[in-house]
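Each chain is listed here by its residues.
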Amino acid sequence: MAKIISNISTSSEDFKRRYEFNKKKVEEIEAIREELSKGGPPKAHEVNKKRGKLFCRERIEKVIDKDSPFLEIGPYAGYDMYNNSAPCGGIVTGIGRIHGREVMIIANDQTVKGGTYHPITIKKHVRAQRIAEENNLHCLYLVDSGGVFLPMQDEVYPDKEHFGNFFYNQAVMSSKGLLQVAVVTGLGTAGGAYVPAMCDQVIMVKNQSAIFIGGPPLVKAATGEEIDAETLGGADVHTRISGVADYLANNEEEALRKAREIFLNLPRRKKYELDRVEPEDPVYDPEEIYGIIPEDLSIPFDVHEIIARIVDASEFEEFKPLYGQTLVTGFARIGGYLVGIIGNNGVIFPESAQKATHFIELCSLRKVPIIFLQNITGFIIGKQYEHQGMAKDGAKWITAVSTTSVPKITVIIGNSYGAGNYAMAGRGYNPRFLWMWPNSKIAVMGPQQAADVLTMVKVNQIKREGKDVSEDKIKSIREKVMKDYEMKSTALYSSARLWDDGIIDPKKTREYLMLALEITLNKPIEDTKFGIFRM
Amino acid sequence: MKKINKVLVANRGEIAIRVMKTLKLLGVKSVAVYSEADRTSKHLSYANEAYHIGEAEASKSYLNMDKIIDVAKKSGCDAIHPGYGFLAENSIFAKKVQNSGLIWIGPSSECMRSLGDKINSREIAKAAGIPTTPGGTIESIDQAKKLAGELGYPVLIKASAGGGGKGMRIVQDEGELEKAIELARQEAQAAFADPTVYIEKYIVDAHHIEIQFLIDKEGNSLFFPERECSVQRRYQKIIEETPSPTIDRETAIKMGKAAISVSKKAGYEGAGTVEFIYDKTEGKFYFLEVNARIQVEHPVTEEVTGLDLIAYQIYIADGQTISISQESLNNRISGHAIESRIYAEDPDSDFMPSIGKVEHYKEPFGVGMRVDSGFFKGSEVSINYDPLIAKLIVKAPNREMAINRMYEALSSYHIAPIKTTIPLLKRVFKHKKFVEGDYNTKFLDLYKEDLFSQSSSNKYVSEGLALLEFVKQHKSTYLITDEITSLPLCWDMLGKWRG
Amino acid sequence: MEKVIINGETLEYEISSQNDLYTVTIGDESKKISVTKYGEEYLVFDPDKHSFVSADVYKSKDKVIVWIEDEEFTIEEEKEEEFASGEGQAENVIKAPMPGVIKEIKFKEQDTVKKGDTVIILESMKVLHELKTQVDGTIKSISVKPGAQAGPSEVLVEIEPEEEK
Chain Z
2 MAKIISNIST SSEDFKRRYE FNKKKVEEIE AIREELSKGG PPKAHEVNKK
52 RGKLFCRERI EKVIDKDSPF LEIGPYAGYD MYNNSAPCGG IVTGIGRIHG
102 REVMIIANDQ TVKGGTYHPI TIKKHVRAQR IAEENNLHCL YLVDSGGVFL
152 PMQDEVYPDK EHFGNFFYNQ AVMSSKGLLQ VAVVTGLGTA GGAYVPAMCD
202 QVIMVKNQSA IFIGGPPLVK AATGEEIDAE TLGGADVHTR ISGVADYLAN
252 NEEEALRKAR EIFLNLPRRK KYELDRVEPE DPVYDPEEIY GIIPEDLSIP
302 FDVHEIIARI VDASEFEEFK PLYGQTLVTG FARIGGYLVG IIGNNGVIFP
352 ESAQKATHFI ELCSLRKVPI IFLQNITGFI IGKQYEHQGM AKDGAKWITA
402 VSTTSVPKIT VIIGNSYGAG NYAMAGRGYN PRFLWMWPNS KIAVMGPQQA
452 ADVLTMVKVN QIKREGKDVS EDKIKSIREK VMKDYEMKST ALYSSARLWD
502 DGIIDPKKTR EYLMLALEIT LNKPIEDTKF GIFRM
Chain X
122 MKKINKVLVA NRGEIAIRVM KTLKLLGVKS VAVYSEADRT SKHLSYANEA
172 YHIGEAEASK SYLNMDKIID VAKKSGCDAI HPGYGFLAEN SIFAKKVQNS
222 GLIWIGPSSE CMRSLGDKIN SREIAKAAGI PTTPGGTIES IDQAKKLAGE
272 LGYPVLIKAS AGGGGKGMRI VQDEGELEKA IELARQEAQA AFADPTVYIE
322 KYIVDAHHIE IQFLIDKEGN SLFFPERECS VQRRYQKIIE ETPSPTIDRE
372 TAIKMGKAAI SVSKKAGYEG AGTVEFIYDK TEGKFYFLEV NARIQVEHPV
422 TEEVTGLDLI AYQIYIADGQ TISISQESLN NRISGHAIES RIYAEDPDSD
472 FMPSIGKVEH YKEPFGVGMR VDSGFFKGSE VSINYDPLIA KLIVKAPNRE
522 MAINRMYEAL SSYHIAPIKT TIPLLKRVFK HKKFVEGDYN TKFLDLYKED
572 LFSQSSSNKY VSEGLALLEF VKQHKSTYLI TDEITSLPLC WDMLGKWRG
Chain G
456 MEKVIINGET LEYEISSQND LYTVTIGDES KKISVTKYGE EYLVFDPDKH
506 SFVSADVYKS KDKVIVWIED EEFTIEEEKE EEFASGEGQA ENVIKAPMPG
556 VIKEIKFKEQ DTVKKGDTVI ILESMKVLHE LKTQVDGTIK SISVKPGAQA
606 GPSEVLVEIE PEEEK
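Protein chains in written order, with the numbering used here: chain Z, 2 to 536; chain X, 122 to 620; chain G, 456 to 620.
Among the clues, some could well be false.
[To be verified] One side of the interface only, derived from the structure: several residues of chain X facing chain Z at Cβ under 8 Å:
#1 Leu-608
#2 Leu-615
#3 Arg-619
None of these hints come from the bench; they were simulated from the model.
In this text, a Cβ means the ideal position worked out from N, Cα and C, and glycines have one as well.
Produce the entire structure from the sequences given, and follow the hints as far as they go.
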């Protein structure tokens, strides 16, 4: 493979300015993540402590292997939503190792509204299960939840990917041999009762956890029977009388140790043996990415420079380097693993779309995972290109991206606009993981164009009402529309809503990809059967 | 031992190890010191205790007199052995050691100071009736011109305080003289902080021959068979042998006696070496200087006499007397010994130091082969210190056999990837002139076309290519399945990673 | 035909192997050699001459050093010529790669430019494209003005390349 020769001058003014800008941006994002990771208000933490309970993040640290990574999923969920009352969506999800096995951990945060399920909590829970299922990961549920957040029951209960979907997923995963384990450290009420009940193995903590379909207040209301939680569905009841749970632990620590023991005695599975060599660090410092990403994303940057700072030894074997140059395709190694990389270097032309399709075919046949580095403003438009069949070539690409069975991992490093998002394995195309860089943008079209259209709509509306619209008025409407549109295109807005799996520090992208690649290898790569390519 | 029970060895590398080996034999405890760069060096494991004394830079560690004395006192040492190089011939250090109540294993500070000055040491030699190379101090350019004219060109300009060839220049005719003196002065000033230089006759067929001697506090003395050290590069020895193929026994004994008389004149006590220049054309020898320390090449003398010179250094420092007579020493002498110095230097790039990690290291072993080394696999050759990796010493019944044994030993001394002087040494031991014993101090220069940048013979190329193929097949860059699983997973590599 | 550099000299040879028995052909001469490894040591056997020699090998990323008997040689494998990803023919003109609006022109006619200088900024599909010269030279003509619409492949700038010195 050839080493990428970087053209970046780290002493240039552009570099220094961009570096400062992006570094600050990363710091802002990290500060928000830090804040969100604290969970609920201090008061809730105090109460929790008084009850002798651990914080959900402490539980995770105790249950995973010492000094091993934890790949958190959706740490920005719920940011700036519901008046910021559901930091992290009230649930912590992520992949950690237990006795060397990668396990999806789903932990309710009882300091956030008693661990109840908001719409975003549901979405995060389902996303975590989906990752587990797609990558053959066992699941560990650290249950401490009061069930659905009643005031929003209409948004959490009835639909396909709502609360009920949890149990369906558990049953299906269990049937595929993916172990479902629950440690109940608090309440599992109503629907919440089924999370442990649907698990293969359940641990409860004495005098702390309880599982019931109807809690004491509901029992009283329905039958007049007065009963306390422990007697109704405590650990003793379920491990000795009902058999709803399997193990009785004297305290949380013991319960978490027991959970580790269960994973220890699980048969080991072999990972898919993707071609691998000794890993090597990139030649160029990944932190230099800060100096490459422009503040204003309408200024293009060369994706080769990014690849050089992500892949092993900065080596890249480029495929079709002279053809359809607005798209960069090629093979490289990350953490020693052979991967295909597709990155954007401008607008998609019919040639670039054909090249992408060809490259995805190569990777699919060879069973090589594909990394998508998205910085895309869309497919080229105009008479010449429509006549050339841009839509047809775009369709081929989308067919290939949709039907390949190799793992896809997407990082949005710049723009993610329009159909480009689809072709470059956006959220709708089931990449195994999708992350965004702090300065990236995601929307159906660019803010300028959108603002023009939206302003026109508004102005026409006012005009229809028979009112006059001054130039100033139009300008102020446009500004307002634009500001709102831009805000809704940010990485933070996206990540809060789980359109992605998190915002990541660009310099750590390589590490995210290394961990993620190994997670995908828990599932064998199947033969690909493509759909029809429109010719 | 009477007074010496624990010794601090103020050195590193092979000589520190060499000294510690003898200390162990004598039942004396040893203390090692080390710099930041030597935290994992080989010499540490040969001592009973080891102490960190400072940064990698020698001036902040191995040359830090007060620190070393402090460590010696604190660790309960009775004596300090300086090895060679670093502080070995520093009379101020010797003084400090003596003043601190410790025993200095070497001649007295006063003796070292008087011998350390080259002009002064020549005066001592003259007073003892030993010829010195004709020449004298330079007072003025005119005087120097006159003197050089009397001596006849070529002449040699030397730094008074120097050694190791620094400040040394050959002048072919009067036209070059003034400039050469000026440059020699500058170099001398830079290297030794003393610009004094002197002039002497330059001997064309010159041999470097030296006499090892021992003198105890009662004046008992021994001189050893001569060592010929004429294979030199930039005035630094790379091969030493004993006995010399150049001089006869009679001359050797004359030189031995001369060595003793000059050393006694200087009040020498301990082990030392007197260096002579031997003019083969005229059959005359001249006093050059006294090395007031144990020398790098002492092992060849040990090999032909079976005596441990380091042990004698310690006995004498301990106040004991030499119990062996000159006659019985003469009777012990047998066979021929040669030493090769293995430097981490590329002989084909003007002896440029070759810095880096010794990734492959295999020492020769067998009858009559001795390796005094300071390295093992994984050791780092650092820019901070002398690049001597090891000394390879062989002994055999006669010179021819010793040369063959040396060639054999060099061939099985494998060091990579750093460059060493081994290939050059091998060529020397195969060189007709060397084998015939017909060489002088200009040997390397004279035969540089035979000795440098030679591609080796290609007898085993096919075998080499088969090995290459074998190695490639048995460990390809693209790992075979078993090896994929033996690589650590990324999840193992990242530790407590939290994104 | 294989190619290596032995002690700095290029050597061409052919090699075939069956298990650990190799046939090495250099020029017209072929030799059979078997290799066995014992621990760190290699034993090399020449079946025709009934001779065994021991060998030692050091292998690094870019070279192999072999010691056999009294010989030592460094073998470097001829680096596979990296596929030169050609940049294509450098053009003396700057064309619009796609339709767009000329946002900025950074030079004027008769200015000298160096390879890689941005001459024109073209806005298209929400992106500001920097159009660079592929050659050193002087700007002969600029056929557009800021704000103008450029069609695909339209020649925007002509450059008089500097004479080869």
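- Item | Hint status (Cβ of X:Arg-619 to nearest Cβ of chain Z, threshold 8 Å) | holds, 6 Å
- With a cut-off of 8 Å, does the beta carbon of X:Leu-615 approach a beta carbon of chain Z closely enough for the hint to hold? holds, 5 Å
- Message: A closest beta-carbon separation below 8 Å is what the hint needs, so does X:Leu-608 meet it against chain Z?
- Response: Holds. Min distance 6 Å.
Comparing the model with each earlier hint shows no violations; every hint is respected.
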